[in-house]
Amino acid sequence: MKQEKILEVKDLKQHFDAGKKGVIKAVDGISFDIYRGETFGLVGESGCGKSTTGRTIIRLYNATNGEVIFNGKDVHSAKSKKDLKAFNRQMQMIFQDPYASLNPRMTVKDIIAEGMDIHGLAKNDQEKTARVHELLETVGLNKQHASRYPHEFSGGQRQRIGIARALAVDPEFIIADEPISALDVSIQAQVVNLLKELQQERGLTYLFIAHDLSMVKYISDRIAVMYAGRIVELAESDELYNNPLHSYTKSLLSAIPVPDPEFERNRERVLFDHSSYNPEGSELREVKAGHWVLCTEEEMKQYQV
Amino acid sequence: MDPILDVKNLNVTFDTYGGKVQAVRGVNFSLKKGETLAIVGESGSGKSVTTKALMGLIKKPAGKIPEGEILFDGKDLAKLDNKQMQKIRGKDLSMIFQDPMTSLNPTMKIGKQIMEGLILHQKLSKQQAKERALELLNLVGIPYPEKRMNQYPHQFSGGMRQRVVIAIALACNPKVLIADEPTTALDVTIQAQIIELMKDIQKKMDTSIIFITHDLGVVANVADRVAVMYAGKIVEIGTVDDVFYNPKHPYTWGLLGSLPTVDSNEEKLMAIPGTPPDLIHPPKGDAFAARNEFALAIDFEEEPPMFKVSDTHSAATWLLHENAPDIEPPATVKKRMAGISVEGERQS
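From first to last, the protein sequence lines stand for chains C and U. Here UniProt numbering is used: the first residue of the first sequence is 1, the next is one more, and so on. Here UniProt numbering is used: the first residue of the second sequence is 1, the next is one more, and so on.
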């Protein structure tokens, strides 16, 4: 794969003012690159800042600090309306909850075509309808569904509508924030297969945010593990699973239930001492080619042995 | 050994504006002392409704149990009225719910919520109940129990709340503990802690557990036996090894095949096509037939009975009939079964 950067995140910070309690540092200085055509997985437990990262990248929030460079341009610098519109077309998002993310008062056609209207992608209604029908078929629904409302669909079907909506403006980059967490196991597999197919056909790049590590491993080329607003480890998926270095990654991996009774009987869990976590003086360092760990210089030497 | 709980031909229906939903359609299983039975299935398969029926929590008049027996301690729970059921619920049978955020009373201190059942069922004095509540909080691993007793649910994290819910469920030493997706709302590391806690307590108190979940990884960890439910019926039941290493029902194949394995990077996942059937009008024949690539002609005509595979294992699929063609499980599932054990060796 040609290693062309589509997205560069540099020292991104997102702090929320929480009134009396002070400032919540949801994302506290993270940096990573995403290459064109790859799937980049971002995993972590609730509250680690993974969703905030995704939302800040697509500029749903204005970053407190840091840069997000997409196709060579800074997303967060002051922009004209025209530039923003162009950016919005290139980057789209698929949300976690297929029940809350579709407007219940709009028909499926209007939901999918909204972006096309905004960007003026269809010359007339006929063309728009044809495009919506095509998109519905792409995601495994059919033409008849276009005139229906979201409540007439199951969770998996709604998620397909969400995917069709994201695809409507021909984006290059899609942020999928827990797109399968709300779905049943057998339906999850359908949606993951669909995402993979679309990636192959259209050369899409994904940022895949999730807490289900086995699915992330399956879909991602590279994975970053987040903890308390920072990335603690970043590596290719196989490398991360076979050779985790940071103690948090180890504990997270050892807690995944594996659908194999024999394995479960012999499971040994690695515990992570949350009180011992102190990122002071640590930064993300490349321990070996492509494998980054949050550590101090001394720790890095230990990892390299 | 005699089973502690015996469910026979349980049926549950709900009247809705759309018609009568047949949520549970003839479920049979038994539960032995000290064992864990996991019930797995997709949303709407009837797994939660089954356990609600056991607890007498089917809301009348819309919900009914038109047929079936729930034999527990010489009584048929399906026939008891609410007053009689109240004496059993929380004492002999107790339940842990999915969402620890909503299953505690937000306006009541934790200690009082635990003591409530003790005073009601075990007729303890306030002082005795307090001591027992402290013991229970210790048992479920909540630090500083004296201080925590006087706090409200919002002062607890999700994992800690679930521990409190478990303490409440265990308060009266129940014979059967029903856990309805107790870890689904929790993070994986917290999930692992709660599961360890439940297993530990089971060992100490010899409780029987019915564990409802859709996560096959969790099932592999907690269960002694597994029942797979689809469209209101148990389609396969057996020991955890039977179901994971020798699955017979195509739906079980589908469930196992739709999970990624460690070395399955390049292949497609074996998704089950379509969606579950509408239980207002359950399909004729085998409810899974329309989504089943191995369906035989008879599947669309007649419902398959339970075929016995071994003493511990049975499955409801015509593929097990002596006249059925020999059909091997799909390659991905076979590979998966082989692949899994490789994975086990690798990590252990």
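Calculated from the structure, these hints are not laboratory results. Among the clues, some could well be false.
Stated by the list, open to error - Taking CB as the label site, the calculated pair distances span: (1) 196/U <-> 21/C: 28 to 34 Å; (2) 71/U <-> 238/C: 49 to 55 Å; (3) 117/C <-> 82/U: 42 to 48 Å; (4) 71/U <-> 60/C: 53 to 59 Å; (5) 108/U <-> 103/C: 49 to 55 Å.
A quick note: this is a predicted structure, and the numbers were derived from the prediction, not measured. Glycine included, each C-beta is placed from N, C-alpha and C at the ideal position.
So, going through the hints one by one against the coordinates:
At roughly 32 Å, the beta-carbon separation of residue 196/U and residue 21/C lies within the given 28 to 34 Å, and the hint holds. Between residue 71/U and residue 238/C the beta carbons are some 52 Å apart, a value that agrees with the proposed interval 49 to 55 Å. Between residue 117/C and residue 82/U, the C-beta spacing of about 56 Å breaks the proposed range 42 to 48 Å. The hint said 53 to 59 Å for the Cβ distance between residue 71/U and residue 60/C, and at roughly 55 Å that hint holds.
In this structure the hint that residue 108/U and residue 103/C lie 49 to 55 Å apart at CB is violated, the actual value being about 39 Å.
The structure fails to meet hints 3 and 5 from the earlier list, while all remaining hints are met.
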